[in-house]
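Chains as they are written, first to last, in our numbering: chain F, 1 to 153; chain D, 1 to 153.
If you're looking for bench data, these hints aren't it; they were derived computationally from the structure. You may find that some hints are simply not true.
Which copy? The list can't say, so a pair holds if one copy fits it or any two copies do.
Said to hold, decoys possible - Straight line, CA to CA, 30 Å or less: simulated DSBU-like cross-link-like pairs of lysine-lysine:
no.: 1; residue 1: Lys113; residue 2: Lys70
no.: 2; residue 1: Lys70; residue 2: Lys134
no.: 3; residue 1: Lys73; residue 2: Lys98
There are 2 protein chains.
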Amino acid sequence: MGVDPGVASTGYGVIEALDDELTLVDCGIIVTPVEQEHGERLRHIHEEISLKLAHLRPDVLAVECIFHSKNLKSLVDVSEAIGVVTLAASQQNIKVIKYTPLKVKSSIVGFGKATKEQVQLMIQHLLGLESPPKPHHVSDALAVAICHRNLGC
Amino acid sequence: MGVDPGVASTGYGVIEALDDELTLVDCGIIVTPVEQEHGERLRHIHEEISLKLAHLRPDVLAVECIFHSKNLKSLVDVSEAIGVVTLAASQQNIKVIKYTPLKVKSSIVGFGKATKEQVQLMIQHLLGLESPPKPHHVSDALAVAICHRNLGC
Numbered sequence: 001m002g003v004d005p006g007v008a009s010t011g012y013g014v015i016e017a018l019d020d021e022l023t024l025v026d027c028g029i030i031v032t033p034v035e036q037e038h039g040e041r042l043r044h045i046h047e048e049i050s051l052k053l054a055h056l057r058p059d060v061l062a063v064e065c066i067f068h069s070k071n072l073k074s075l076v077d078v079s080e081a082i083g084v085v086t087l088a089a090s091q092q093n094i095k096v097i098k099y100t101p102l103k104v105k106s107s108i109v110g111f112g113k114a115t116k117e118q119v120q121l122m123i124q125h126l127l128g129l130e131s132p133p134k135p136h137h138v139s140d141a142l143a144v145a146i147c148h149r150n151l152g153c
Numbered sequence: 001m002g003v004d005p006g007v008a009s010t011g012y013g014v015i016e017a018l019d020d021e022l023t024l025v026d027c028g029i030i031v032t033p034v035e036q037e038h039g040e041r042l043r044h045i046h047e048e049i050s051l052k053l054a055h056l057r058p059d060v061l062a063v064e065c066i067f068h069s070k071n072l073k074s075l076v077d078v079s080e081a082i083g084v085v086t087l088a089a090s091q092q093n094i095k096v097i098k099y100t101p102l103k104v105k106s107s108i109v110g111f112g113k114a115t116k117e118q119v120q121l122m123i124q125h126l127l128g129l130e131s132p133p134k135p136h137h138v139s140d141a142l143a144v145a146i147c148h149r150n151l152g153c
C-alpha cells in the first residue's frame with residue numbers, strides 16, 4: 001500500500017505484485033474539509049487509513065515523504081499527516097518505509113524530474129488501466145507503492 | 001497541559017490555575033529508545049500522552065511547535081510527534097493550541113530571547129517549586145502550559 005499524505009487530502013493505492021504482474025487492488029483519496037479543526041482532520045486521516053489497513057492488510061506501507069520544501073508550513077503539515085499515518089500502521093504491526101519523490105519517480109520512469117503526467121501514464125501501463133489514475137494524490141500513492149515493489153526493501 | 005514534543009523525548013507538564021495561583025499537578029518526560037523502530041516510537045508517545053489525557057482531563061493541550069529550523073530532518077521529526085500528540089487530544093475531544101518558542105518565552109520572561117535557565121527560574125518562582133524543573137523538555141512543557149494560561153485563548 002502506498003500513501004501520499006497531506007492534511008487536506010491523502011491519497012492511497014494498494015497493488016498486488018505476483019511475479020512480474022502488477023494488479024490494482026484499491027485506490028482512493030481521503031479528503032478533509034477546510035472548515036474542520038486541524039486535530040479533527042488528523043483524526044479523520046488516521047481513522048480512514050486504519051480502516052483500509054485492517055481491511056486490506058498490506059505487507060508494507062510505503063509513504064511518500066519530503067525532507068525539504070520552499071514552504072515550511074506545508075512541510076510541517078505533511079509531516080503531521082505522515083505521523084498519524086505511520087502511527088496507524090505501527091498500531092497494526094505493519095512496516096512503514098519512506099521514499100522521497102525523487103526516488104519514486106526514478107524507480108518508475110527512470111529519472112527523478114519526470115512530470116506527473118509521465119508518471120501517471122507509466123502507472124496506467126504497468127497496472128493495465130483504461131485511463132491514467134487521477135487525481136495526483138492517487139497516482140502519487142500508486143507510484144510509491146510501485147516504487148517499493150521495484151526497489152524491494 | 002503543555003507538551004514539548006519530540007520523537008526521542010516528549011516533555012509534558014500539567015498545571016492548575018485558580019485565580020492568580022498556579023499549582024503543579026504533574027510533569028514528566030516520555031523517552032523512546034533510539035533502537036526502537038520509528039513507528040513504534042510514535043506509538044509509544046501516542047499511548048503515553050493518551051493515558052495522561054484520559055487520567056488528568058486537561059481543559060486544553062498547549063503544544064510548543066516550530067515552523068522553521070536549520071535542521072529540516074528535525075523539523076520533520078518534531079512535526080510527526082506533534083501529529084500524534086494532536087491526534088491523541090482530538091480523540092478525547094481536547095482542544096489543541098500551538099505556540100511558538102518565541103511566544104512562550106515572551107509570555108513568561110517578557111522577551112523572546114530568554115535563555116532556558118531564565119525560563120526555568122521563572123517557572124520555579126511561578127509554581128513555587130523548591131528547584132527549577134528539569135530536564136529542558138519538562139520545563140519547556142510547563143512553560144507552554146503557563147504561556148497558554150497567560151495568553152488565555
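We went through each hint and held it up to the structure:
1. Both within a single protomer and between protomers do Lys113 and Lys70 lie at most 30 Å apart by alpha-carbon distance, with minima of 17 Å and 26 Å respectively.
2. Taking the shortest Cα distances, Lys70 and Lys134 sit within 30 Å of each other inside one copy (25 Å), while across copies they are farther apart (36 Å).
3. For the homomeric pair Lys73 and Lys98, the shortest alpha-carbon distances inside one copy (20 Å) and between copies (13 Å) are both at most 30 Å.
Checked against the numbered hints above, the structure violates none of them.
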